[in-house]
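Just so you know, the protein sequences line up as chains A and B, in that order. Take any residue in the first sequence, count from 1 to its spot, add 8: that is its number in my numbering. Take any residue in the second sequence, count from 1 to its spot, add 8: that is its number in my numbering.
A portion of the hints provided could be inaccurate.
What the hints assert, rightly or not - Part of the chain B face toward chain A, derived, beta carbon under 7 Å:
no.	residue
1	R104
2	G117
3	A161
4	F173
5	G236
6	G240
7	A242
8	M246
9	L254
10	I255
11	F261
12	L288
13	A289
14	F300
15	L307
16	G309
Said to hold, decoys possible - Among the chain A residues that face chain B by a calculated CB cut under 10 Å, a handful are:
no.	residue
17	R69
18	G117
19	L281
20	G292
Bear in mind the hints are in silico, worked out from the structure with no lab data behind them. As the structure is a computational prediction, the values presented were derived from the model and not from experiment. Every residue gets a Cβ at the ideal spot worked out from N, C-alpha and C, and that includes glycine.
There are 2 protein chains.
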Amino acid sequence: MTDTIEMRAEQVHALAHTCLSDNGCNEENAAAVADTVATAERNGAKSHGLFRIPGYVAALRSGKVNGAAEPRVEELRAAALRADGDGGFAPLALRRGIPELARRAEKCGAAALAVVRAHHFAALWHETEALAEHGLAALACTAYMPAVAPAGARAALFGTNPISFAWPRPGREPMVFDMATAAMAMGEVQIAARDGKTVPPGTGLNAKGEPTTDPARIADGGVLLPFGGYKGSALALMVELLAAALIGERFSFEAAEADNRDGGPPRGGEFLLALSPEALAGSGWDKHAEEFFARFDALDGARLPGARRHARRAENVPAQVNAALVEKIRGLCRNAPPL
Amino acid sequence: MTDTIEMRAEQVHALAHTCLSDNGCNEENAAAVADTVATAERNGAKSHGLFRIPGYVAALRSGKVNGAAEPRVEELRAAALRADGDGGFAPLALRRGIPELARRAEKCGAAALAVVRAHHFAALWHETEALAEHGLAALACTAYMPAVAPAGARAALFGTNPISFAWPRPGREPMVFDMATAAMAMGEVQIAARDGKTVPPGTGLNAKGEPTTDPARIADGGVLLPFGGYKGSALALMVELLAAALIGERFSFEAAEADNRDGGPPRGGEFLLALSPEALAGSGWDKHAEEFFARFDALDGARLPGARRHARRAENVPAQVNAALVEKIRGLCRNAPPL
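Use the sequences and the hints to build the structure in full.
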């Protein structure tokens, strides 16, 4: 059993905030990233919680990311905004862009936000859920560095290219999903290899480009595949086009070529879309949607996406954080907060 | 080998147009549907070509669909339009709505179109491709009658719920995909059943909820499964929310409950989104995108979605249409055109 340390949300936040501040983030940037990290831990989303802090720090120390970024939100058209991240981490650009995106979507019925010149290292449900809290349906996607081969090919071109969608449920938690278009994250493949397990057919290819269910052969110079064969591959392709071509930011292959390989997130873009059911369907839209959710919940075996994460958040129990990770992060601080 | 009849595009169009006119469509509606049918045959998309005519006719004969529909396009907000189909087939509502959607997206950067009170019985690439021809990225989705069980469940709740996306490539064919979120479209399952073929494992369950590779058992009271497990299931759920809840039209389960089971398409909605790369990325967006497509094309084994359909269209060879189907359609005409 791995040693863990029990940490309340405030402690997670304080550790993240201190570590980011000690490594070059100004107050606003440190607070925005620490909020994102603490929310992930509170939701049980460990791979996007404190686990990310060493990468954030590496990107600050190498000078790749601007810890004092001043993201600016500008109008491109009535329903199209750009949040220029000023070379900083994405959370502050999102914090500034999302309220204006919500206003535009309420006013125009639909609106898009192009997040550019930012470094995204978190889950996407933070932003789609925030838009759903405004009563809006929301879609988000982002590219990353190549790790996934298009269906039929043997070399990586796509990032793991996640898509998140949220639906507002006034008076309840929104319905939110956030999924990689890759069949599996490389981290999960590595864990399966460590544990001597196999992975399902379609997860990846070995270094020769041959299909394999041996995770060690995928992790050792192989590539991941999109989920669901050529259909998932088409969606991964769509994410490249939305999060790069559409908004004028880097494709996964461009991000990798420009990155300094410090272990932190490369520069890239994020595409966000907000849609107003009040504008498009009119009043009563929420009651109508709940009739559908009631049918869904009545099906034996079906479970809404995000339900486990929301249950975890509702429990409000302290996070169990890997002790070695906490020690590592404390070692990256000048003055680590008390445990 | 099934008997086929070779038909040029004009012959396909004339047969469809005559049959629709003879069964209650006015000139504009017959022409719009016949264009859609003929384009499908020309693209080799047989499941949405003449194969659909008996269903269109059934819906006209039962009185479910208004053959003289006068769809109206109205502004809901600056970037949100509604095309009210007036109870007719979708093609005329789309023909009237798409040019205005394109204008709004160019002006506002992003715009949505809610198609309501329409009966959709065709592929979605017609409309996303039309928007891409305007230099816009486009997304479309529609629900249908329940045929797909959510991941983990054994009863149908989702329609086959297709998603289509198109990317504009000035001077070339747009990149277009159009895919059911079901493992296979019911139209394809029906054709496989008609031709006595099997379908891959994972396509669906029989009426008892058991896996089967016999398409007739899936079509006859069984259910389809989503592609790609719980991820495809989440996308099918998103389609229900976008094509019904967001735009104030019927969910798949509501469409089925209201439908008269004449074999034609139920009343339903379609969600369309258009996004302007010119507004969001600025000039040079097309050159940037082509750099990505060049990388894609350089990968051994990779093929862009829609490439086969576009190649088929470019060949401009006559369609090979099932002879029994042609005879059936001719039998539905008062004055069938000569073969």
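So, going through the hints one by one against the coordinates:
Taking 7 Å as the C-beta cut-off, the interface hint given for R104 (chain B) is violated, the closest approach to chain A being about 18 Å. Taking 7 Å as the C-beta contact cut-off toward chain A, the hint placing G117 (chain B) at the interface holds, the least distance being around 2 Å. Interface hint at A161 (chain B): satisfied, since its Cβ lies 4 Å from the closest Cβ of chain A, which is below the 7 Å cut-off. Below 7 Å, beta-carbon pairs count as interface contacts, and F173 (chain B) has one with chain A at about 5 Å; its hint therefore holds.
For G236 (chain B), the interface hint holds, since its Cβ comes within 7 Å of a Cβ in chain A; the closest pair sits about 3 Å apart. Restraint check, G240 (chain B) versus chain A: the minimum CB separation of about 6 Å is within 7 Å; hint holds. Annotation: A242 (chain B) was flagged as interfacial toward chain A, and the flag holds, the nearest CB pair being 4 Å apart, inside 7 Å. Satisfaction of the interface hint for M246 (chain B) is found here, the shortest Cβ-Cβ separation to chain A being roughly 5 Å, below the 7 Å cut-off.
A hinted interface residue such as L254 (chain B) counts as satisfied when its beta carbon comes closer than 7 Å to some beta carbon of chain A; here the least separation is about 5 Å, so the hint holds. For I255 (chain B), the shortest C-beta to C-beta distance to chain A is roughly 5 Å, which falls under 7 Å, so the interface hint holds. Checking F261 (chain B) against chain A: minimum C-beta separation of about 6 Å stays under 7 Å; hint holds. Because the beta carbon of L288 (chain B) sits about 5 Å from the nearest beta carbon in chain A, less than 7 Å, this interface hint is met.
Among the interface hints, the one on A289 (chain B) holds; its C-beta lies about 3 Å from the nearest C-beta in chain A, closer than the 7 Å criterion. Hint status for F300 (chain B): holds, given a least beta-carbon distance of 5 Å to chain A, under 7 Å. Annotation: L307 (chain B) was flagged as interfacial toward chain A, and the flag holds, the nearest CB pair being 4 Å apart, inside 7 Å. Because the smallest distance between the Cβ of G309 (chain B) and any Cβ of chain A comes to about 4 Å, under 7 Å, the interface hint for this residue holds.
The restraint placing R69 (chain A) at the interface with chain B is violated, with a minimum CB-CB distance near 31 Å, outside the 10 Å limit. Given the 10 Å rule on beta carbons, the hint for G117 (chain A) holds: about 2 Å separates it from the nearest Cβ of chain B. Taken as an interface hint, L281 (chain A) checks out: its beta carbon lies about 7 Å from the nearest beta carbon of chain B, inside 10 Å. At a threshold of 10 Å, the smallest CB-CB gap from G292 (chain A) to chain B is about 8 Å, leaving the interface hint in force.
Going through the hint list in order, the structure does not satisfy hints 1, 17.
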